[in-house]
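Take the given structure of chain A and dock chain B to it, following the hints.
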Amino acid sequence: MTGSILPVDDDVATRSAGRPLLEVRDLRTYFHVMDGVVRAVDGISFSIMAGETLGIVGESGCGKSVTSLSIMRLLDMPPAEIPSGEILFEGRDLLTMPDEEMRKVRGNDIAMIFQEPMTSLNPVFTVGDQIAEAVILHQGLSKKAAWDKAIESLKAVGINNPERRVKQYPHELSGGMRQRVMIAMALSCDPKLLIADEPTTALDVTIQAQILELIRTVQDRTGAALMLITHDLGVVAETVKDVVVMYAGRIVEEGSVEEVLLAPKHPYTEGLLGSIPSRGKRGERLNVIRGTVPNPFNMPPGCNFAPRCPYAFEPCTQADPRIGDANPPDVACWLYTATATSPTPPRVRPRLDLVEALG
Amino acid sequence: MATKAATPATVRVPVESRASRGLWRDALVRLRRNRPALVGLACIAIFVFVAFFAPWLAQYDPNKGGLGKTFEPPSAAHWAGLDKLGRDELTRVMYGARISLVVGVVSVTVGLTIGGLVGAIAGGVGGRIDTILMRITDVFLAIPGILLAIGIVAWLGQGLVQIMIAVAVANAPIFARILRGSLLSLREAEFVTAARSVGASRTRLLLRHMLPNALTALIVAATLALATAIIDVAGLGFLGLGPPDPRTAEWGTMLTDSTEALRRAPWLIFAPGIAIVISAIGFNLLGDGLRESLDPRLKR
Numbered sequence: 083m084t085g086s087i088l089p090v091d092d093d094v095a096t097r098s099a100g101r102p103l104l105e106v107r108d109l110r111t112y113f114h115v116m117d118g119v120v121r122a123v124d125g126i127s128f129s130i131m132a133g134e135t136l137g138i139v140g141e142s143g144c145g146k147s148v149t150s151l152s153i154m155r156l157l158d159m160p161p162a163e164i165p166s167g168e169i170l171f172e173g174r175d176l177l178t179m180p181d182e183e184m185r186k187v188r189g190n191d192i193a194m195i196f197q198e199p200m201t202s203l204n205p206v207f208t209v210g211d212q213i214a215e216a217v218i219l220h221q222g223l224s225k226k227a228a229w230d231k232a233i234e235s236l237k238a239v240g241i242n243n244p245e246r247r248v249k250q251y252p253h254e255l256s257g258g259m260r261q262r263v264m265i266a267m268a269l270s271c272d273p274k275l276l277i278a279d280e281p282t283t284a285l286d287v288t289i290q291a292q293i294l295e296l297i298r299t300v301q302d303r304t305g306a307a308l309m310l311i312t313h314d315l316g317v318v319a320e321t322v323k324d325v326v327v328m329y330a331g332r333i334v335e336e337g338s339v340e341e342v343l344l345a346p347k348h349p350y351t352e353g354l355l356g357s358i359p360s361r362g363k364r365g366e367r368l369n370v371i372r373g374t375v376p377n378p379f380n381m382p383p384g385c386n387f388a389p390r391c392p393y394a395f396e397p398c399t400q401a402d403p404r405i406g407d408a409n410p411p412d413v414a415c416w417l418y419t420a421t422a423t424s425p426t427p428p429r430v431r432p433r434l435d436l437v438e439a440l441g
Numbered sequence: 003m004a005t006k007a008a009t010p011a012t013v014r015v016p017v018e019s020r021a022s023r024g025l026w027r028d029a030l031v032r033l034r035r036n037r038p039a040l041v042g043l044a045c046i047a048i049f050v051f052v053a054f055f056a057p058w059l060a061q062y063d064p065n066k067g068g069l070g071k072t073f074e075p076p077s078a079a080h081w082a083g084l085d086k087l088g089r090d091e092l093t094r095v096m097y098g099a100r101i102s103l104v105v106g107v108v109s110v111t112v113g114l115t116i117g118g119l120v121g122a123i124a125g126g127v128g129g130r131i132d133t134i135l136m137r138i139t140d141v142f143l144a145i146p147g148i149l150l151a152i153g154i155v156a157w158l159g160q161g162l163v164q165i166m167i168a169v170a171v172a173n174a175p176i177f178a179r180i181l182r183g184s185l186l187s188l189r190e191a192e193f194v195t196a197a198r199s200v201g202a203s204r205t206r207l208l209l210r211h212m213l214p215n216a217l218t219a220l221i222v223a224a225t226l227a228l229a230t231a232i233i234d235v236a237g238l239g240f241l242g243l244g245p246p247d248p249r250t251a252e253w254g255t256m257l258t259d260s261t262e263a264l265r266r267a268p269w270l271i272f273a274p275g276i277a278i279v280i281s282a283i284g285f286n287l288l289g290d291g292l293r294e295s296l297d298p299r300l301k302r
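Here the protein sequences line up with chains A and B, keeping their order. Quick note: the first sequence uses the numbering used here, first residue 83, plus one each step. Quick note: the second sequence uses the numbering used here, first residue 3, plus one each step.
Read the hints as simulated data drawn from the structure, not as lab findings. Take the hints with a grain of salt, since some may be wrong.
[Unchecked claim] Across the chosen pairs, the derived CB separations fall in these ranges:
no.: 1; chain 1: B; residue 1: Leu241; chain 2: A; residue 2: Val115; range: 47 to 57 Å
no.: 2; chain 1: B; residue 1: Val31; chain 2: A; residue 2: Thr283; range: 44 to 54 Å
no.: 3; chain 1: A; residue 1: Asp158; chain 2: B; residue 2: Thr115; range: 46 to 56 Å
no.: 4; chain 1: B; residue 1: Val31; chain 2: A; residue 2: Thr288; range: 24 to 34 Å
no.: 5; chain 1: A; residue 1: Pro161; chain 2: B; residue 2: Arg204; range: 13 to 23 Å
no.: 6; chain 1: A; residue 1: Ser357; chain 2: B; residue 2: Ala144; range: 21 to 31 Å
no.: 7; chain 1: A; residue 1: Pro165; chain 2: B; residue 2: Val127; range: 49 to 59 Å
Yeah, the Cβ is synthetic: ideal placement off N, Cα and C, and Gly gets one too.
Next comes chain A alone, as it looks inside the complex (with noise of 0.2 Å):
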């Protein structure tokens, strides 16, 4: 068991002493289609540092899966196209990076959990030998060794008997045991940084809690920084420690969990959070965003909320607000402008049951 698949990380404090593991800058990246281009990431910079925790959220279709993406270069382009923006991993921009080099980056530096349990392995090879092929990738394994790890790593990740697990196909475990299966690939190699798309999803409640206890506590014991893609507000508080709030491809608003979801800036925010159902509103009428995400061909000037926002006033149908454009400068809105004749300021509604969870 020495040399473990899980060691802990040495190096994260002087690490995280200088700059940020992760550092996206004004990314964007569009897609050419049929009808036109649509912008799925639309400039925006947020960064993580090394060991720790970054949930980005949203609604489908905001572009938080896209940005993963992004980031792991998993994108076909075409149609895809990056025209601007920077992807610093350790300080090496991953997007001017020769595809030889991306390759070592991938699963070797920068590992991913993906959604889906049930279509993200392979279907006719077993568990062990996908395990084995990241490990076999990068660090040059012999076929044995390679499987002796994946057997380490399936009983890392709490799956019982792994000597025989290792043997079977994918359709011979359960959805939650496929999810162990993911994150004992994605951790094989001793990531730094550990991106999960909405690694939750496609899980019913009980197994989901499970997942999320067991990528919490690799992350811990590794040391790897997570980046954590969910819509699940519930999810975000238990999980991580910043947050970022992402809505048509921009970020509207960012700060710790508990800035995000107690006091929520943004109305957007202030919107997902009111949408949760909770056990103290019984009876109540479930708060819902009207209207609907705004169509990628044709989006509305100013500030992309503005049709649906309920506080929206003259300056969102003019300008685009960006974050740092406020004061705060954390949230991308222009009723946080000193300038604006705000009409309300949106309610703070802090979520008492998610103060709990938070602990």
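Relative to chain A, chain B alone:
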């Protein structure tokens, strides 16, 4: 076996996750439960057995005439009767199986190799190469298989090798299409993205992650193509484009000969006709059975 598995260590393991016997073993188990496929397999077994052991099974020389009256009806000595030259029809059908088997297997193998290569390049590389290769494939696919085969035999001349080439060329574009199609859909599969995310290269993705998944479709197509090949060979023979030596015992040629004598000796069409049907149906049934049993997701 159930009692043996009930050791304390495995008691907690749910029933659905019993140990796998491996993908191919599992497929075999499923195939054994598939009755039509077994019937198909039996037909093929008879066909192959007869082809291999024709000289020992048959009591006569396929080309020796004058064994009795011409167009002698079936009798105890000649189960399928005698043809216009007094040759034993059953013996000729047995020898004909050899031609059908050899031509079928060779042409499908050649077609599979060419088509597989084209499909793998088109589906794996994509882009302009894919477009060019697929347009060429389309041209071949636009011409009905048997017509294409007739054209090739007409162009290259009569002969067994020419027939093999003709049937191979008629089959290759189908294999190319199938392989390319499954590779394209696999490219979108999440597990391929997952494999990319652990750092697999393009070639490795294609050869190790995608091809094995596409293989099952190809195996099924090849089995079904064997049936078509046998019919194509017989069809060419029936149209007078069979082996150049008219004495060669070939099912299609024999069928033509027997239709000419349909009024005098109607029984002559049965032996070659039944032989074609049995062998073609055999491969069709097996192909369908394989399609069902090779899909690991259809388990149970």
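Hint check against the structure, violated hint numbers in rising order: Per hint list: 2, 3, 6 and 7 violated.
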